[in-house]
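*Asks:* Chains as they are written, first to last, in full-length UniProt numbering: chain A, 1 to 741; chain B, 1 to 741.
Hints listed in this document are in silico derivations from the structure and should not be mistaken for laboratory results.
Be careful, since some hints might not be right.
The list treats identical chains as interchangeable, and a pair is accepted whether it falls inside one copy or across any two copies.
Okay, derived cross-link-like pairs now, SDA-like style, lysine to any residue, Cα gap no bigger than 20 Å in a straight line [unchecked claim]:
1. Lys683 <-> Glu663
2. Lys312 <-> Thr333
3. Lys103 <-> Ser283
4. Lys312 <-> Ser338
5. Lys563 <-> Trp291
Number of protein chains: 2
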Amino acid sequence: MTYIAGQEIMTDAAVASLSLDDKELAKEIEASVEVGENASLGKLKELGVSFKLYSHPETATIDKQAEHLGHLPGVLTKNLLLRDKKIGTFLITVLHDRPTDTKTIAKLLKLGGKANLRFADEETLEGLLKVKRGAVSALAVLNDTGNAVTLAMDKALMEQPIVNLHPLRNDRTVAIPTAALLQFVHAAGHEPTMLDFDSVPVAPPPGPVPPKEKNRSDSKNGGDKSTAVAKASASTPGQTLLGIDVSKKDNFALWYTRVITYSEMIDYYDISGCYILRPWAYSIWESIQRWLDAEIKELGVENSYFPLFVPKSVLEREKDHIEGFAPEVAWVTKSGDSDLAEPIAIRPTSETIMYPLFKKWIRSHRDLPLCLNQWSNVVRWEFKDPTPFLRSREFLWQEGHTAHATFEESQKMVMDILDLYKKVYEELLAVPVIQGRKTEMERFPGGDITTTVEAYIHGSGRSVQGATSHNLGQNFGKMFEIQYEDKAGGHAVPWQTSWGLTTRSIGVMIMAHGDDKGLVLPPRVAPKQVVVIPIVKASLSAENKAALQSYAERITTDLKAAKIRVHLDHRDNYTPGWKYNHWEQKGVPLRLEVGPMDLDKGTARMVRRDSGLKVDLAGEAVVHTVLHVLEEIQANLFAKCKAERDKKLVKVWEWKDFVPALEEKCVILTPFVNETEWEEEVKRRSREEALAGESEDARTATSAAAKTLCIPFDQPDLSPGTKCFVSGKEATCWVLWGRSY
Amino acid sequence: MTYIAGQEIMTDAAVASLSLDDKELAKEIEASVEVGENASLGKLKELGVSFKLYSHPETATIDKQAEHLGHLPGVLTKNLLLRDKKIGTFLITVLHDRPTDTKTIAKLLKLGGKANLRFADEETLEGLLKVKRGAVSALAVLNDTGNAVTLAMDKALMEQPIVNLHPLRNDRTVAIPTAALLQFVHAAGHEPTMLDFDSVPVAPPPGPVPPKEKNRSDSKNGGDKSTAVAKASASTPGQTLLGIDVSKKDNFALWYTRVITYSEMIDYYDISGCYILRPWAYSIWESIQRWLDAEIKELGVENSYFPLFVPKSVLEREKDHIEGFAPEVAWVTKSGDSDLAEPIAIRPTSETIMYPLFKKWIRSHRDLPLCLNQWSNVVRWEFKDPTPFLRSREFLWQEGHTAHATFEESQKMVMDILDLYKKVYEELLAVPVIQGRKTEMERFPGGDITTTVEAYIHGSGRSVQGATSHNLGQNFGKMFEIQYEDKAGGHAVPWQTSWGLTTRSIGVMIMAHGDDKGLVLPPRVAPKQVVVIPIVKASLSAENKAALQSYAERITTDLKAAKIRVHLDHRDNYTPGWKYNHWEQKGVPLRLEVGPMDLDKGTARMVRRDSGLKVDLAGEAVVHTVLHVLEEIQANLFAKCKAERDKKLVKVWEWKDFVPALEEKCVILTPFVNETEWEEEVKRRSREEALAGESEDARTATSAAAKTLCIPFDQPDLSPGTKCFVSGKEATCWVLWGRSY
């Protein structure tokens, strides 16, 4: 998959995701050379540079880049065009996590105190570099034939072997050796100025995890290596552990990518938007399934399985419904070498698959309620922002579909289910949610009422729709001619519901609790709740080693007997320190360290993942304490997350305070007239005002807009006469707004 | 979906499966009228007959018809062209289950003792009716313009509202009112002779279930209605229960269709080869999952989830492998309105999806073994004989994929899994299986060794591959460049396995144990193991009714407490007799009848589904006895099934005995040279000889051939010099042969 002009630079299957194959690549290069509009690829080829080209959704910001490209080898860069009317224009290419305020850059460029650097406007950018905003990179100097621009590059970039850059369009990324980049800019007639970020007192970029409190395992063959997470070492016999090299606060999107890959939850796949759920992630899904499945069965719902496919004609029967999904439907048109007579859709959801059967099965009021559920995969071929767990083209979920004799019964089902969804988030995943009803604009297409649980991600300041439960009314019943004989002998159409919870919930949990060391897992869903690590020093006698080993085993057995999910890590090719980091990265709630001293004293040291707190336990107290502390961690994670959320949950009465609150990453309650035109107005205006501001977070147009999350069930008092925050009309309810995934 | 010329005759969504839509239908009619080759549809249209047209695989025999069309409304017919050289030629159209030996027909036609009716040969058939063998129906008289053929129809057919007939080609079926059929044949210048099967002493066709032993529930409002399963009645307030109207022995394929639909396991779907697994079936899959999932986790296998999709280029990387699947692959080529850059396959199995990741994850010998499993859906767009559970275009399975450092380890995994598969069949589903290795010809494409568990279906005399476990050797490892550093520091390629068990297993279980009343479920997987039915007579006082009700509830609670899956059927709109039949049809292993007498005496009557045995139990013995008897039923079903199989498991030493044994529905052990060319020879010759014979079972060419099932691990003695049964060369092993699904 690599275009070889010189030697091959990357062969890892991991990077196959997003890559173009040879044929496509050749075509793109031809096109770029011939058209002449963007000759950077042709130029690289001409120079004999070996490169790899990736295709992906547009990534206009560094955040988006991190999201889509963060898993690739090589570093990402931030690229800016800055201008001082008197001094000149500068193209700045620096490591993705550098501070790029104009003051810092001016200082690094040594422009003196009088310089007044500004971001160049779009016109200047396109005029000088022939490239759109969001697609600029050092490669753009190719178009600066008049040498109007000074290229300045991060000095530290030179130490990186491979750099990823947009080849003048932001739905492609090219990976090249940094040396080749220099070769390229030279060939384009530019000599880059080097920016030495170490030379000025700016906030340091997040590097390797700083040394922690000295560990107990400071023996010769392990010792302080435990903290040198990012470096290989001759004295560490095992593999090198990659540390999370970016902080959650500084670059949330890249942090997320690192956490889910380093913890072995997710791997990337050849098809964009499709991901691999590795055992560590899938096990959490199994925990959710186990609990939720039992609960919905308690409500009288039965599991079943309906086909993956829908004929075109059936899918299109409910017009409103299909309109909501049409652009995202994946179509099967061939089997083997033969064309199918009619294209067949892969289910984006199963209403239109199930309800023709509901029509058949529901003949009498005695056939009601009909309550079915299935655990399955669905496909929505979205083009915006694929993000593991949160938005993927295929995802796993349960979808429930029920039919009832009365609206009241159906609405009770909707709400019972919504309560279960709240419990999944709050009691299993330790993430607080707000229950409410969607506005007309955000309602499920084809249904009457959509209820939702909305979570908040403190790290990004964005909200997430956690799961939805819909009252479909009689819409589908009428469309699919579901009719039954009611008790009085007349004909009636049932009231239906549908509801689903997806693997997205795992992503929300990761974002909510993870920290700069990696995952932090709530004990109730953690695949392993406790890891036991024997501290075996090289100096120990074989006899003592064996005794320590069996002591660790005994503790493990005791914990297992108490139904605690425990893992004994007795590998002898990793140091205790390595293991500490490894299991911290994977988010295991509790670590039990067992050393020779513990063996003598019959103790064990317990270390909490959430707080880092260490306590030495007497052997007989281990099981009891662990059980207790696991519950404590569960409660603590929830409380912490709720406190973070509540701090950002604000009320706004006037428009002027609205966008500033958004910029503060708040979720916002406002009195609202609840009319669709005003909702659209808020969306439009919040986006415009945010883009007009300087905020980095708002730089991507799509996500800058606020949208309604829900009309919370738990409504604050609304005194009569309270004005809507945007229309000035009388408000009808409190509505929750936020930027959202 | 119905072509309306007169009025619409069918609107049930159930029959939508197989139906052509309006446009396709119009096209077919045009074509048939214009081409003139087959004008029957045009003629129907011309006559203003309302009909429905189905498209399906070719169904040359009544068995195949039953398989593909048995679920449609309307009756199926058997159609024969018989000839007596002196008397004339007769086109016979009778109900599908009528005896059609020439003697019976001659008697019904009143031809006298001297008549010598024979099946007309293909040439005669095509000459007179212009139709191929297997596609003949009463509609063919349209082509008998010279009135050379006498049409004779089953008198009983006239009482049926709708009849399904091939419109002169056997991949289409047209459903028309029987009256319209008469109109049609009249218009074609034929006056049918009526055959009165009731007038001669022939074996009676299977009608409604014959009256059973008098039930205890013979009260006024239920009473003997309990046995009149097929008739509605004013005094039965509930719905009419459809009885299985065909015996397993007489028409296995139709019996199967009836059993799986009437028991509410399966419903049909708009897309041929896709079926709905209703809760009664899905619950059995959950039982299998629960058990098997725990067992494979015990072997150190972890669950995960890989994408549904494979890029074309990746799928095609292992040539042998893809060759095995290529014609069955469903391709996604569009999303929304846009064409995809490259077609994407839906997984037919996941080797090519997983192994690029294996390459990434397996770097060192410490990464081995890597043992993953997933529970998922796969798609194989087969065109031959879709059969619910046994062969469907989408099915559910688990697929395990492991990689090991040595062949021995990998082979141990293969065998450990095969043993689990054997246990699923024998210990859960109560179906005996034979373990063995597939021959070269039947091996999984791309792998080295395929091991299998083979089941036998007594009712059809066919074998079924129950599940397979493959040793892939290093083939995929080499193809996907999976390489790791071994202990010595060198490079090595891992040994891989893959293995899967599918929802097919449920179909095997149904076929193995079901009887003429419906399903018979092994207790270990039965969704409900016991049904409690209170016998509430109308004459009971309200007080006694309440007492009886609470007595039944107490028994139910006691059983539940003992972890028995029990259901109390307290519906008051069905008679006890109706309920008995209903739960028998659904295969519940035990019924507990609780009547007023039982209340007085503190007893309950237990009725076994497998044997019909009735025992009155003292109240305190109920739980204990039920637990015991459930185990007994489980053992009994297995023993019965094994005895049936063993009776048909024969050894054959010479070719001359081979096809006769096949005709006797045997599975056959033979000494064999085990060479592919001789295996092909057996396939060819067995098919030819079977087709040359008169056997109805062999009428369909595809399934007449014998194939190897496996080389059983449990090999009988093979004395040196024993000759291969077909080649006459020295035999190398015993091989198991049979006709197979």
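*Asks:* Which numbered hints are broken by the structure, listed smallest first?
*Replies:* The structure breaks only hint 3.
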